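Chain A is fixed; fit chain B onto it per the hints.
Each chain is listed here by its residues.
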Amino acid sequence: MIAAFKRLKASRGVGKFCRNRLAVAALGIIVLYALVGGWVALGDLLPGRAGITYAQVEQPVWPTPINGFGIPATNERRVEAARIITREVKRAVNNGEGFTDIRYGLLHILPGTADSDTELDRLSTLIEESEDLYDQLSEFDDLNSPEPPMLDDGAPDPDSIDVPSTIARLEGAVRQMFAPLSGWQSLKQSLLHSLGTDRQGRSNFLRVIFSIKVALQVGIVVAIISVLVGTFLGAAAAYFGGWVDHAVVWLYSTLSSMPELILLAVLVYAFSGSVFDKVSNPWLALVPVYAAMCMEFWIGPCRVIRGETLKLKELEYVQAATAIGFGRFYILLKHVIPNTVHLMFINFSLLFIAAIKFEVVLSFLGLGVKVGPSWGRMIQESTQEVINGIFWQIGAATVFMFVLVLAFNIVSDALQDAFDPKHVG
Amino acid sequence: MWSYVARRLLYSIPVYLGIILIMMGALRLRDPVSAYLGKNATAETALLKKASMGLDRPFLPIGIEDPAEPFGIEPIVEVGRVGFYPPLRTQYVEFLWRILRFDFGTAERPYRSWQFESDNVGAKLADAVWPTLKITIPALVLTATIAILVGLLSAAYRGSVLDKTLMVLVVLGMSISVVVFIVLGQVFGSSWLNGKLGFELFASNGYEPGIQNWVKYCALPVIIGVVVGMGYDARFYRAVMVEETSRDYITTAVAKGAPRHKIIFVHMLKNAMIPVITRIMITIPFLITGSIVMEYQFRIPGMGKLLIDAIVNKDFPIIQTFTAVLAGLFILTNILTDVLYALVDPRVRLA
Numbered sequence: 004m005i006a007a008f009k010r011l012k013a014s015r016g017v018g019k020f021c022r023n024r025l026a027v028a029a030l031g032i033i034v035l036y037a038l039v040g041g042w043v044a045l046g047d048l049l050p051g052r053a054g055i056t057y058a059q060v061e062q063p064v065w066p067t068p069i070n071g072f073g074i075p076a077t078n079e080r081r082v083e084a085a086r087i088i089t090r091e092v093k094r095a096v097n098n099g100e101g102f103t104d105i106r107y108g109l110l111h112i113l114p115g116t117a118d119s120d121t122e123l124d125r126l127s128t129l130i131e132e133s134e135d136l137y138d139q140l141s142e143f144d145d146l147n148s149p150e151p152p153m154l155d156d157g158a159p160d161p162d163s164i165d166v167p168s169t170i171a172r173l174e175g176a177v178r179q180m181f182a183p184l185s186g187w188q189s190l191k192q193s194l195l196h197s198l199g200t201d202r203q204g205r206s207n208f209l210r211v212i213f214s215i216k217v218a219l220q221v222g223i224v225v226a227i228i229s230v231l232v233g234t235f236l237g238a239a240a241a242y243f244g245g246w247v248d249h250a251v252v253w254l255y256s257t258l259s260s261m262p263e264l265i266l267l268a269v270l271v272y273a274f275s276g277s278v279f280d281k282v283s284n285p286w287l288a289l290v291p292v293y294a295a296m297c298m299e300f301w302i303g304p305c306r307v308i309r310g311e312t313l314k315l316k317e318l319e320y321v322q323a324a325t326a327i328g329f330g331r332f333y334i335l336l337k338h339v340i341p342n343t344v345h346l347m348f349i350n351f352s353l354l355f356i357a358a359i360k361f362e363v364v365l366s367f368l369g370l371g372v373k374v375g376p377s378w379g380r381m382i383q384e385s386t387q388e389v390i391n392g393i394f395w396q397i398g399a400a401t402v403f404m405f406v407l408v409l410a411f412n413i414v415s416d417a418l419q420d421a422f423d424p425k426h427v428g
Numbered sequence: 600m601w602s603y604v605a606r607r608l609l610y611s612i613p614v615y616l617g618i619i620l621i622m623m624g625a626l627r628l629r630d631p632v633s634a635y636l637g638k639n640a641t642a643e644t645a646l647l648k649k650a651s652m653g654l655d656r657p658f659l660p661i662g663i664e665d666p667a668e669p670f671g672i673e674p675i676v677e678v679g680r681v682g683f684y685p686p687l688r689t690q691y692v693e694f695l696w697r698i699l700r701f702d703f704g705t706a707e708r709p710y711r712s713w714q715f716e717s718d719n720v721g722a723k724l725a726d727a728v729w730p731t732l733k734i735t736i737p738a739l740v741l742t743a744t745i746a747i748l749v750g751l752l753s754a755a756y757r758g759s760v761l762d763k764t765l766m767v768l769v770v771l772g773m774s775i776s777v778v779v780f781i782v783l784g785q786v787f788g789s790s791w792l793n794g795k796l797g798f799e800l801f802a803s804n805g806y807e808p809g810i811q812n813w814v815k816y817c818a819l820p821v822i823i824g825v826v827v828g829m830g831y832d833a834r835f836y837r838a839v840m841v842e843e844t845s846r847d848y849i850t851t852a853v854a855k856g857a858p859r860h861k862i863i864f865v866h867m868l869k870n871a872m873i874p875v876i877t878r879i880m881i882t883i884p885f886l887i888t889g890s891i892v893m894e895y896q897f898r899i900p901g902m903g904k905l906l907i908d909a910i911v912n913k914d915f916p917i918i919q920t921f922t923a924v925l926a927g928l929f930i931l932t933n934i935l936t937d938v939l940y941a942l943v944d945p946r947v948r949l950a
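Line by line, the protein sequences give chains A and B. To convert, count from 1 in the first sequence and add 3; that's our numbering. To convert, count from 1 in the second sequence and add 599; that's our numbering.
Just chain A, with the same shape it has in the complex (with noise of 0.2 Å):
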């Protein structure tokens, strides 16, 4: 394998493909996607320290729905937030409990404040003037395009506060309730604000990225095995012919007769609902997905490598090595799969691409990824957020996986000019 990696290297193919400096700047995208979904995945193993875990997720980062690069919400969601903040820094510190709960992304009360009394006081005094702005800002009926309040001729009440204002010093106050982030935290905070969040305050920067995780895991796990699997069967079957050759071919033409999404549905439901739904850990949820999704991909490596195989099979050094007298499985493991490598990457990059699509369809059908967030999910949650306006979420999940499967398809396509050109379509 390792002699087949180093002609590959050496081949023209290759040459070619590196002179295409598209297809080199998509594979260098690819490569950052995988870095961070690498950098993801290692939440699970050092939870805390590096990586994001699948609780940082689901946390939300503000109590309202905001919008993404820091275009302010409405009037009203911003003093909505500052109520709820209030009300409960208020209730924990009337009732005495701790202040573990209150905890929007990085912002969060400062550690100790439940047995220090002069930051409880700071608190209260704070949750005083934030409640003394509250009901004078409560005055208005319509906070988005406030109308002052009229005097008996007809003119505006000179008294009247200034709602901009007024809000601005609101969130002041709250602000302060927490402790103060260090500039690296800060940064971190806006990040998780940059691209908005969902209806229920989560995160969509850190959604979306977790979700590289998921499509990488889906794309890689699905497509290694489906293009090992395809090929050893299509090579095999091609090269021992026989009944070995009817039986790879009845099964591929039989699973090929029903349509991809349908068979992918059932088998989904078929390997599902048994252990695998009652973990919560998302590396096994995700193993119904896998196992369909191999059970159909396998198919389309099988066929192409099947008809190199007959044409390998026909050469002279394969020829040779039978005559010299090596074992058939050898042949087929040392000569004929080694020779059809450059399909295997081929097909590898096209199955990833199928992968991470069918995951983001059979997630918004209800039937993939059920725990966490994956851009499957995100697209579907986010249907009920479009139909008012909001585009943060379905955009987020939109263009991050529109940039890899870009890359990926362009990629192919540049695999498939530089070691198949003869291929059509």
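Calculated directly from the structure, the hints in this document are not laboratory data. Just to be clear, a hint being listed does not mean it is correct.
As the list claims (entries may be wrong) - The following label-pair restraints were derived from C-beta to C-beta distances:
no., chain 1, residue 1, chain 2, residue 2, range
1, A, Leu318, B, Trp601, 32 to 40 Å
2, A, Lys314, B, Lys638, 56 to 64 Å
3, B, Phe658, A, Trp246, 21 to 29 Å
4, A, Trp246, B, Ala818, 49 to 57 Å
5, B, Glu693, A, Tyr57, 39 to 47 Å
6, B, Val767, A, Arg178, 44 to 52 Å
7, A, Leu49, B, Ala650, 47 to 55 Å
Unchecked claim - Here chain A is said to cover these stretches of chain B; the calculated rule only asks that three of the stretch's residues, wherever they fall, bring their Cβ under 8 Å from a Cβ of chain A:
no., region
8, 607-620
9, 624-637
10, 772-781
11, 909-920
12, 923-929
These numbers were taken from a predicted model, which means no experiment stands behind them. No residue lacks a Cβ here, since even glycine has one placed at the ideal position from N, Cα and C.
Chain B only, in chain A's frame:
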């Protein structure tokens, strides 16, 4: 030719049996009974329900030692110590026999859906076909026509700005998920557009029968379907056409001074018909499946939505019948495609 068709049909039999076997077998990996009864069902009601669904009987007529038959619905013929189960009473053979007679429920001999207990499976499927076809046929015709045109233009002016722009658009379109097209198309095509127009041109979901309601309920899914399908088709047709442009007959046509439009639309299109026909023929069975996601999102009571609902509700009879009919159709169109080849292109011989 007829001997070719007969041989192909014969070869298809094991494939068809395999399809039914895999589908039924995969469904039976899980027990659907508890989902229908809820948590408080007793063991006895569960067994009764199972028997009424026919799931108590063995799946395959092989390897049955002593099939449990707690309610004695049909006696088991005992042959010596090994229980011999009549093949027609096993689930697999019984369903095959049903397919062979094309009997998916009549008034006298019902074959009930599990989720809609008063409906026959056949009637359910027949009701769902029409809404699906109202979307898929216009979508297929439009997509194929536009995509062939785009492919032709792109190939004829290969390397030009037009070609590059079209292909960039196509790759961009292919990289966005189908689901996103459907969700955004629904929002912008109905709520947003209706707000701009001031009247309801396209409904955001739902369905009413009648051709006068077509524009309201079906036009928007058709438009989205065309946009989604466009990318893949146009790219494929372009590749086919590019392959044709390098053939000798094109050089001949250019040399004898044929006008360019004639070369493109007469010579090239005619010779590129084979892959085009295959491509269109392959999609015909999928006319019946419909766009599952589209129907799901637009709440159109077509085949796709019926199927997803059946899977979610574990309605085995509908899933099985659906697969059986569709797979049969798929195999038949495949044979028909090969026959059509020979008719369209005299170079192809059926062997």
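These are the hints, each one checked on the structure:
no., hint, verdict
1, Leu318(A) <-> Trp601(B): 32 to 40 Å, "39 Å, holds"
2, Lys314(A) <-> Lys638(B): 56 to 64 Å, "59 Å, holds"
3, Phe658(B) <-> Trp246(A): 21 to 29 Å, "25 Å, holds"
4, Trp246(A) <-> Ala818(B): 49 to 57 Å, "52 Å, holds"
5, Glu693(B) <-> Tyr57(A): 39 to 47 Å, "46 Å, holds"
6, Val767(B) <-> Arg178(A): 44 to 52 Å, "46 Å, holds"
7, Leu49(A) <-> Ala650(B): 47 to 55 Å, "53 Å, holds"
8, 607-620, "holds (count 5)"
9, 624-637, "holds (count 4)"
10, 772-781, "holds (count 7)"
11, 909-920, "holds (count 4)"
12, 923-929, "holds (count 3)"
Of the numbered hints given earlier, the model fails none.
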